[in-house]
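Quick note, the sequences are listed as chains U and A, same order. Numbered as in my numbering, the first sequence ends at 292 without a single skipped number. Numbered as in my numbering, the second sequence ends at 1439 without a single skipped number.
These aren't lab readings, by the way, just hints derived from the structure by calculation. Please note: incorrect hints may appear among the correct ones.
What the hints assert, rightly or not - Here are the simulated BS3-like pairs of lysine-lysine, each with C-alpha atoms no more than 25 Å apart in a straight line:
| id | chain 1 | residue 1 | chain 2 | residue 2 |
| --- | --- | --- | --- | --- |
| 1 | U | 290 | A | 1328 |
| 2 | A | 1328 | A | 1340 |
| 3 | A | 1435 | U | 179 |
| 4 | A | 1435 | U | 30 |
| 5 | A | 1102 | A | 1068 |
Stated by the list, open to error - Cβ pair distances, simulated, as ranges:
| id | chain 1 | residue 1 | chain 2 | residue 2 | range |
| --- | --- | --- | --- | --- | --- |
| 6 | U | 200 | A | 1187 | 50 to 58 Å |
| 7 | A | 1031 | U | 30 | 55 to 63 Å |
| 8 | U | 57 | A | 1215 | 40 to 48 Å |
| 9 | U | 275 | A | 1340 | 35 to 43 Å |
| 10 | U | 191 | A | 1065 | 29 to 37 Å |
Ideal Cβ placement from N, Cα and C applies to all residues, glycine included.
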Amino acid sequence: MVDITFGPEPGKRPDLNNPTEAYIHQTRRKRLYGFILLILFVALMASGFKTAQDRNAGDFLSGLHQLHAFPAEVLSEAWTNRANIPALLWQYLPSLIETINIAAAATLLGGAFGAFLALGSTRHLARFPILTPLFRRSADIMRAIPEIVIALILIFILGGGPVPAVLAIAFHTAGALGKLFSESAENADLKPVEGLASTGASWSQQIWLGILPQVAPNWLSYALLRFEINIRASAILGFVGSGGIGYDLKLAMQWGGGKYDQVIAIFALLFCAIVVFDQLSGYARNRLVKGQ
Amino acid sequence: MTDASQFGTAYATVQHQFKTRRLTAFSIPVLLLIYLSYLFISFDIPGLAARARMDNAKILLSDFVAYKTHVTRDNRTDKLSVSIEGEAKATFAPNQYPAWVKTDGDTTTIDLGKDNIVTYDTRGARYNVPGYGVIDIQPESGKLKLTAPQPIPDWINVTDTRISVTTPQGRFAYSRSKVETFKYQPGWALFFFTLDSPFYDKSYGQLTAILGGERLDPARSNLSYMASEFWHNKQWHHGDVAWALFETVLMAFLGTMGAALIALPLAFLAASNFTPFRSVRFAFRRLFDFVRGVDGLIWTIILSRAFGPGPMTGALAILLTDSGTFGKTFSEALENIDEKQVEGIRSTGAGPLQRARFGVLPQIAPILLSQVLYYLESNTRSATVIGAIVGGGIGLLLTQAIITQKDWEDVAYYMILIVLMVMAMDSFSGWLRRKLIGR
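Throw the hints in and build the complete structure from the sequences for me.
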């Protein structure tokens, strides 16, 4: 019947009396495709690596020998000045706190705006369903702009300091969280909303009492994950120009030799902060999503 | 039949629960408010208004959508130059001045539009502002003499050595050494062809006519000439920008794929159902945590010391950071596989490698692929930032354009390209995921 409607499939018809041959034929073809894909992938990787290498200042193989040189230099100098390090850790603690504050403020701000975007772009929930594509597109664009673009422009307007970094990270966070929030809101059960609507509740009451309690654990866990990412982002943005521990790291690095004890102190603080907040938020997310 | 005392305790518990709930419902906003007001002080938000340079914002916005043409006369040599944004490589030749600049001997007339006329001549310069009058400036014994309707409004700024006029139509400045007029026009100047190109200032109709017409350069066709003039545009450097975008995508691709290739075998060593030795597992897990925790920023710094600036350094930094992340998620995926398939393969007498290939990989492949493709998209964005630090790709061009603080139209161009690049990578990875995994 299918043959009559659509015509025979191109190629040899499988022999029904000898299914093994058909199976082997199919497997061979699959393997051939896999092999071609693999060759293509390897060729892409190799040529890409070669291009990157050609445009790089240093060579990969000769660089590999020097890979340990810089860390060794830093560590040995820091070891001779190891007495300074506790004091330096204490000295850079405020910068670390600033970096974490930037991340927290950006997550709060971006989360609030992301929730707004999510509610506007979720079908069934949006106050103005006609505008959902608009909200979605704007979340996509906000997500696509890297933090550094906004940060550098805001540094030009607002001067250095934490505020440009907060706004830049918050902008990207709003887009990213807007998408995740709206995905989890789409899966929310609409029965509570219907129940609330039947009692005459307004739109904001329906969302506040019907949807938010359902999605809160998911949203919180996404926001915590973002917070982890934002701590890293805020350290990097500091290196590019706004405040926090990244900026101190840049200053210490620019000095070159002689300030490596500071570099080590900053590396240690940053590493510890990232690990501690990863662990804390991982624990909290586990509790939020799995209940315990 | 409910026991009265039991009912009493239940009532008390419920009451207590309500109370704690109400307390948390109140305390969370209060704590948030306290934290926000702490941030308000610690980030010095009140001082922000004083530090903010709104004039910079204005320059930036107007540069995004408009360009200015400088008409400058050197008062010492009487030499006139007309150039876009005052750049030497965008200076008009005397025979191709725009229509609004007219020269007649030593007299230059500049039409700024809406009857705003600026005239340079041997006596000095005049600016005729409709509705106000003529602003006449003549140098006299080393000073500038201004004749204009009194009182002098605040859009005319007068000092002994410099007089400047700002109107909606443009800006005009006279100092002893030179007189300058800036005319603002919407759009991005010279985006397709520069002034020295034979295709400059031609309409689409004219360009199509040229395409079908006689060869301008006997050595090549007009189409390839036109393409090369566009690609090697000296003002916008389209070719270099395209290379930079490619480099950024390349960094993300090499970094992500390399990390996945390294992390996959190592993940088996960190998964409890494949590595019975607790110590090995522990060591690899801590290794992944360490590589992840050190963070891309620090890896970038360390690697650029060894390999020098460039895209390979950026790719390696992404590779190192993400092999930690992939190692962790891959080993978690490995721990969650269904053992039945592996046992089935084992029962046929397959060795460990064959079990991994036919029993395990088909199960985890969709998870791995969707992870890797998601990171490919997200790393395109990171590669922009890392490029700014290691000096490669579009990130470098962007930071350079921002640091010079004048090429804002380039900044707008790069921003648009970056957004398009990230969105293209997003839809490409989504398309690939659907093709390979079918969801």
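Verification of the supplied hints:
{"no.": "1", "hint": "290/U with 1328/A", "verdict": "holds, 20 Å"}
{"no.": "2", "hint": "1328/A with 1340/A", "verdict": "holds, 23 Å"}
{"no.": "3", "hint": "1435/A with 179/U", "verdict": "holds, 22 Å"}
{"no.": "4", "hint": "1435/A with 30/U", "verdict": "holds, 15 Å"}
{"no.": "5", "hint": "1102/A with 1068/A", "verdict": "holds, 17 Å"}
{"no.": "6", "hint": "200/U with 1187/A: 50 to 58 Å", "verdict": "holds, 54 Å"}
{"no.": "7", "hint": "1031/A with 30/U: 55 to 63 Å", "verdict": "holds, 58 Å"}
{"no.": "8", "hint": "57/U with 1215/A: 40 to 48 Å", "verdict": "holds, 41 Å"}
{"no.": "9", "hint": "275/U with 1340/A: 35 to 43 Å", "verdict": "holds, 37 Å"}
{"no.": "10", "hint": "191/U with 1065/A: 29 to 37 Å", "verdict": "violated, 50 Å"}
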